[in-house]
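Peer 1: What follows is the residue order along each chain.
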Amino acid sequence: MSDIAQARGIRRVVRATLGRAYPRIIGANRERSWLFYDTILPLLGTIAFVYVYKALGAPDRFVGYVIMGGATMAFWMNVMWNMAAQFYWDKQGGNLELYMVLPCGIVPILLGMSFGGFVGTLVRAVAIIVIGSVLFHVTYTITQLPLFLLIFGVGIIALYGLGVTFASVFLMWGREAWHMAELFMEPVFLASGFYFPVRALGFWVGMGTSIIPLTLALDAMRQLLFPESHPALLPVRVELTALVGLAVLFIFVARQSLRKMEYLARREGRLSLRF
Amino acid sequence: MSNLAIATQDLVRTYRTRKSAGNPSGAPVVALDGVTLDIPPGEFFGLLGPNGAGKTTFIKVLVTLLLPTSGSARVAGFDVVGQAQQVRERISMVSGGEHSGYGLLTVREQLWMFSQFYGMPTQTALARIDELLRVVGLYEERNRRVSALSSGMRQKMNMVRGLLPDPEILFLDEPTVGLDVEAARDVRAYIKEWIHATPGRTILLTTHYMHEAEELCDRVAIIHKGRIVACDTPAALRRRTAGGTYFVLTTEPLDGTAWVSQVPGVQRADARASDGRTELRLQLADDGVIAGVVKALADRERRIFSLQKIEPSLEDVFVQIVGRRLEEADEGGRA
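Protein chains in written order, with the numbering used here: chain A, 1 to 275; chain B, 1001 to 1335.
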């Protein structure tokens, strides 16, 4: 064994998680251009919807709806491009085969990707909310802040659980990862009600699209932000319970798909290696 | 438990393939075909072969990235299939042309990130990173972004990454491939320095550069089409070559050369006249015999212009065993 001091067990998992999160938290903010590419550009799409609502004479709360949707969209994009497709990029660069022989295992790498991605995206989402709200004079009144934060937290856990599952699945799909990520963009923007209350799609369609955690999280948070006027899909506490279920489900599925991916990678050789 | 650093027994690895123009039957490709090797701790072992010979597959099995199809492999005494975690605690791997890590980090940040994967406390890690960066001559570049490094610098950084956890066994998969002469020399110098500074550590190096294997390795195995076709020290491998070591001696013109064969210890003598000189090619029982030849020439008052001892290279060994030069085998190798 090495003479160099090295932590084992949970302390190593924590160190490895923070190590992998570092490039996403510090590195990703190193280029100031992120403010333009990750905040201003996504905001343009949001602003377009704001003007549509304004032109139609929709109530002011719809501006808040759209800005919230724009901010939430940042998380979905992060999960698809920087979680689901990440292992594919890591394979091309040679990182994946190094990750797969680390003594800490690949789980801390995924935790670090998720944590770093979440923190980095939170900064961008807050920037979108602040800039959008200042531009359009939107004010928010959160009636139950702890519940709001709980829903947000559980929704994020479920979302990144889904991201980890996708990371394994996309790797198995190989070079189609890019196209798969594209496929999960616009349809999800529509189905999850990023720019409008998902109930507008109809109750059963809304229920169907609730498999994507953002659908329920966004609907529940909107209920807490606009308690008087939001056409809810389900009561807040039911949505929270469903989100907890989704979080547990996706973490379980993520674990299984990761094991499957690791086994296939060792058996087939084509998943993790650059031949 | 075995006390060998690496031990493989009849190791076989095949890859399933789809039917294609190059493989119309879709038959599995055999990358390793019954490899048996024992490498003791502290040895610098080289695996030499053309592209597609099975070198990389061999390393990938040993570092637990691939499962063997059949046979067994143990690293640091642990089975690579059933005890992969124990193996991973003791090894590190560096591949040539590797672009690991993230370009937006600086060299020091990148290495720190990898140190965290091994659970190293930050202070210990940074001190070790700085120390290793100084050794490989990359300390001045420690705050430079990885994306701005040259290939040579990047490979030196990769070497530092591989050595950070102070592995018992270091796997180097063509570590100098694609580097310019100077950078490759630096990397080789550092590898030599590391193994001398840390006795007991084992290195398995794959390469298709003959001179690299000769310069670095205690023992070399030649792998061809997934099989080990020769394994010994570089000197012993060279001795096996037909013709072995010989001397080339250039003198003033000689009237006849039959007397040379009469000198005790001269096994064979061939003479060739050119440019008013005679070139003798001598195969001797041992190096000391050359003194007798020189004396015999002096007795005949013949001046000697040059004397050269020619030893066969690993390239010659490879040609004799495989039947082709390494570059030719590369061209005909499997993809």
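To be clear, the hints were calculated from the coordinates, so they are not data collected in a lab.
The reader is advised that the hints may include incorrect statements.
As the list claims (entries may be wrong) - Pulled from the structure, derived: some chain B residues nowhere near chain A, Cβ distances all over 12 Å:
#	residue
1	Tyr1015
2	Lys1060
3	Glu1098
4	Thr1122
5	Met1210
6	Ala1235
7	Val1248
8	Gln1283
9	Arg1303
10	Val1322
11	Gly1323
What the hints assert, rightly or not - Per the computed footprint, the stretches of chain B lying under chain A, defined by three or more beta-carbons under 8 Å from a beta-carbon of chain A, are:
#	segment
12	1062-1075
13	1078-1092
14	1104-1110
Don't be surprised by glycine CBs; every beta carbon is placed ideally from N, CA and C.
Peer 1: All hints are to be evaluated individually against the structure, with a verdict given for each.
Peer 2: Evaluation of the provided hints:
no. : hint      : in the structure
1   : Tyr1015   : 6 Å, violated
2   : Lys1060   : 6 Å, violated
3   : Glu1098   : 5 Å, violated
4   : Thr1122   : 8 Å, violated
5   : Met1210   : 24 Å, holds
6   : Ala1235   : 33 Å, holds
7   : Val1248   : 45 Å, holds
8   : Gln1283   : 45 Å, holds
9   : Arg1303   : 59 Å, holds
10  : Val1322   : 22 Å, holds
11  : Gly1323   : 26 Å, holds
12  : 1062-1075 : holds (count 5)
13  : 1078-1092 : holds (count 5)
14  : 1104-1110 : holds (count 3)
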